[in-house]
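Make a model of the complete structure from these sequences and hints.
Number of protein chains: 2
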Amino acid sequence: MPSIDDLDTPAIVIDAARAEANIRKAQAHADAHGLKLRPHIKTHKLPYWAKKQIAAGAVGITCQKIGEAEVMADAGLTDIFLPYNILGRAKLERLKALHGRVTLSVTADSLVTLEGLAATFADAGQPLQVLVECDTGMGRCGVQTADEAVVLAKAIDSARGLTLGGLMTYPAAGKQTQAESWLAGAKQALAAAGLDCRRISSGGTPDMWRSGENSVVTEYRPGTYIYLDRYQVAKGVGSLDDCALTVLATVVSHPTPTRAILDSGSKALSSDTLGLSDFGELLGVPGARVTGLSEEHGNVTLSDGAKLRIGERVRVVPDHCCVVTNLFDQVHLIDGDKVLETLPVAARGRMG
Amino acid sequence: MPSIDDLDTPAIVIDAARAEANIRKAQAHADAHGLKLRPHIKTHKLPYWAKKQIAAGAVGITCQKIGEAEVMADAGLTDIFLPYNILGRAKLERLKALHGRVTLSVTADSLVTLEGLAATFADAGQPLQVLVECDTGMGRCGVQTADEAVVLAKAIDSARGLTLGGLMTYPAAGKQTQAESWLAGAKQALAAAGLDCRRISSGGTPDMWRSGENSVVTEYRPGTYIYLDRYQVAKGVGSLDDCALTVLATVVSHPTPTRAILDSGSKALSSDTLGLSDFGELLGVPGARVTGLSEEHGNVTLSDGAKLRIGERVRVVPDHCCVVTNLFDQVHLIDGDKVLETLPVAARGRMG
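First to last, the sequence lines map onto chains F and L. Numbering-wise, the first sequence is residues 204 to 555 according to my numbering. Numbering-wise, the second sequence is residues 204 to 555 according to my numbering.
It is possible that some hints are incorrect.
Pairs count within a copy or across copies, as identical chains cannot be separated in the list.
Restricting the straight-line Cα-Cα distance to at most 30 Å, the calculated cross-link-like pairs of lysine-lysine (DSBU-like) are [to be verified]:
#1 K390 x K510
#2 K357 x K510
#3 K357 x K254
#4 K438 x K299
#5 K299 x K239
#6 K228 x K254
These are computed hints drawn from the structure, not numbers from a lab.
Set out below in structure tokens:
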């Protein structure tokens with residue numbers, strides 16, 4: 204069996220046992236709180252993990268792009284939620300083709316999106332389930348008020364090829380309570396209009412552990428929980444020992460006693476810090492911080508007697524694992540120093 | 204001929220005439236100042252443009268990764284500079300194989316790197332040309348003093364399979380003068396030690412236009428000049444009308460009068476702002492700024508009466524085009540609204 208020492212750097216290595224433990228832990232939380240788990244595959248983009256998530260008890264998966272959903276459908280995944288406004292003839296035709304193959308649901312936050320869906324699915328054998336996307340504080344997509352949600356829900360309910368699924372939100376980090384009361388109000392408004400609200404779908408790994416109690420939410424779409432990263436550790440979701448994904452890097456230069464350079468820059472670790480200081484943490488080297496990135500170089504600042512030597516290999520826990528996955532064509536599953544399997548990141552680069 | 208309207212979004216579209224004009228302009232500057240131009244392909248990662256750059260008069264190309272150099276060699280490029288410390292048996296073997304196929308040169312900033320090169324190339328038919336990497340103010344790789352440069356230059360000169368190429372730097376932005384005097388001092392120190400300094404190689408697009416006059420630099424390695432981006436515009440290199448690369452995106456949501464959402468987030472535009480405010484500029488929509496990114500959503504803030512409508516397509520000039528290229532598997536060359544050609548980003552994902 205190949206060893207981690209045989210891998211060229213930079214490379215993504217994933218501690219398989221940690222990822223599996225993270226899958227089990229989230230599923231157990233969902234089960235204990237009567238939540239349906241619908242993991243977001245944007246984090247791993249791998250059918251391998253999607254199937255493991257389903258096997259652990261997930262009701263289906265979440266994808267953000269039709270291209271990702273197509274890859275997952277090709278791999279045998281059968282229940283896919285695409286919480287995105289799908290617009291334009293080309294994408295709508297692909298959506299319709301996908302709908303013929305798997306159990307599909309989508310979201311809409313405007314009548315424009317709904318018109319496209321309704322026109323495309325008017326003659327579909329099975330109606331397409333559509334949820335109303337709600338802006339419960341994130342300030343991204345979504346209707347702004349419960350009244351707007353009712354307008355869209357009615358439009359879905361009355362369109363021939365569509366069926367109302369319910370409500371969907373991506374809550375702002377730490378604003379779980381605000382999202383909850385927003386959704387409860389919208390659910391009530393839908394009920395007052397005679398509209399059924401079967402699914403209320405929420406997401407985000409950091410707040411998942413606070414979800415479930417006395418909640419109107421029926422399903423949860425966490426993504427990052429499978430790998431975790433520095434951001435999740437900063438949010439208290441787990442420790443560095445729970446992080447499954449690391450970037451294996453080589454020290455290529457050591458120009459001064461306090462500066463070392465890795466062969467991993469913004470094209471390997473990404474510049475996305477999610478607001479954290481520094482760009483990554485070196486496992487087992489306290490006092491070493493990735494303080495700067497250029498495209499193919501990572502600047503490490505050494506303090507408190509931390510030492511590195513040229514040619515040494517290190518493992519970096521990135522700030523945001525989902526965007527790191529998206530930079531590499533393959534990942535290596537490991538068990539200690541053994542490489543168990545090398546997998547192509549099948550849904551990487553599926554932009555549309 | 205397909206139209207830009209036929210492309211799925213998000214997509215990279217490249218105004219071919221602008222890129223060609225940018226190639227010609229840089230070559231003319233280099234020619235007028237007696238500089239050899241050695242374009243960095245990290246920006247485009249395409250043999251198509253590398254060949255155009257050579258045809259315009261470049262002496263060779265620059266790659267940052269062996270994997271990029273292998274792709275370029277496979278495509279017929281014959282003179283490749285790899286200004287990077289190459290370490291580890293696997294990479295050194297690949298470097299040696301590449302050296303058998305093309306005219307290759309590399310850099311080193313430590314004796315550790317040189318030992319690996321010397322051991323690998325001791326029995327090579329042709330010696331490998333090695334330049335000493337110098338930190339002239341960037342604070343990344345490179346020897347810190349002229350004395351250190353002399354030590355490494357001597358080691359290169361005395362190693363059987365290596366030959367001394369000269370000095371290489373990536374200067375800090377705007378510190379051209381400082382870099383120049385550093386390099387002049389090191390050149391003098393090498394001369395005093397009886398060492399020849401055939402090549403002095405510098406880089407960076409923004410400062411290229413100040414290079415050449417009374418300079419010790421003999422060759423220049425600009426990368427971004429071919430496409431340009433918001434950062435280069437901010438640095439005064441050109442205007443938005445000179446930017447060849449844009450990301451074609453669709454407005455997928457318009458939740459409030461001042462907020463619109465694009466289908467292009469950090470996985471399409473990247474979070475790398477190079478210190479700029481905002482994440483991109485919408486061509487032809489003054490008052491529209493990309494003020495936030497999540498993975499697959501770009502938040503646009505509208506002011507001064509700027510208007511967008513759901514389903515509308517826009518073109519975004521990103522802050523840093525080199526990292527955007529690295530996110531997409533293909534690019535489309537355009538002439539106005541016509542799509543001339545679709546090219547795979549051949550060297551994307553060649554991490555090692």
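Results of checking the hints against the structure:
1. When the C-alpha separation of K390 and K510 is checked against a cutoff of 30 Å, the pair qualifies neither within a copy, at 57 Å, nor between copies, at 32 Å.
2. Taking the shortest Cα distances, K357 and K510 sit within 30 Å of each other only across copies (28 Å), while inside one copy they are farther apart (64 Å).
3. Proximity of K357 to K254 under the C-alpha cut-off of 30 Å is found in neither arrangement, the shortest distances being 35 Å within a copy and 58 Å between copies.
4. Proximity of K438 to K299 under the C-alpha cut-off of 30 Å is found in neither arrangement, the shortest distances being 39 Å within a copy and 47 Å between copies.
5. For the identical chains of this complex, K299 and K239 are intra-copy neighbours only, at 25 Å inside a copy versus 55 Å across copies, given an alpha-carbon limit of 30 Å.
6. Taking identical chains as interchangeable, the C-alpha atoms of K228 and K254 lie at most 30 Å apart only when both belong to the same chain, with a minimum of 16 Å there against 53 Å between chains.
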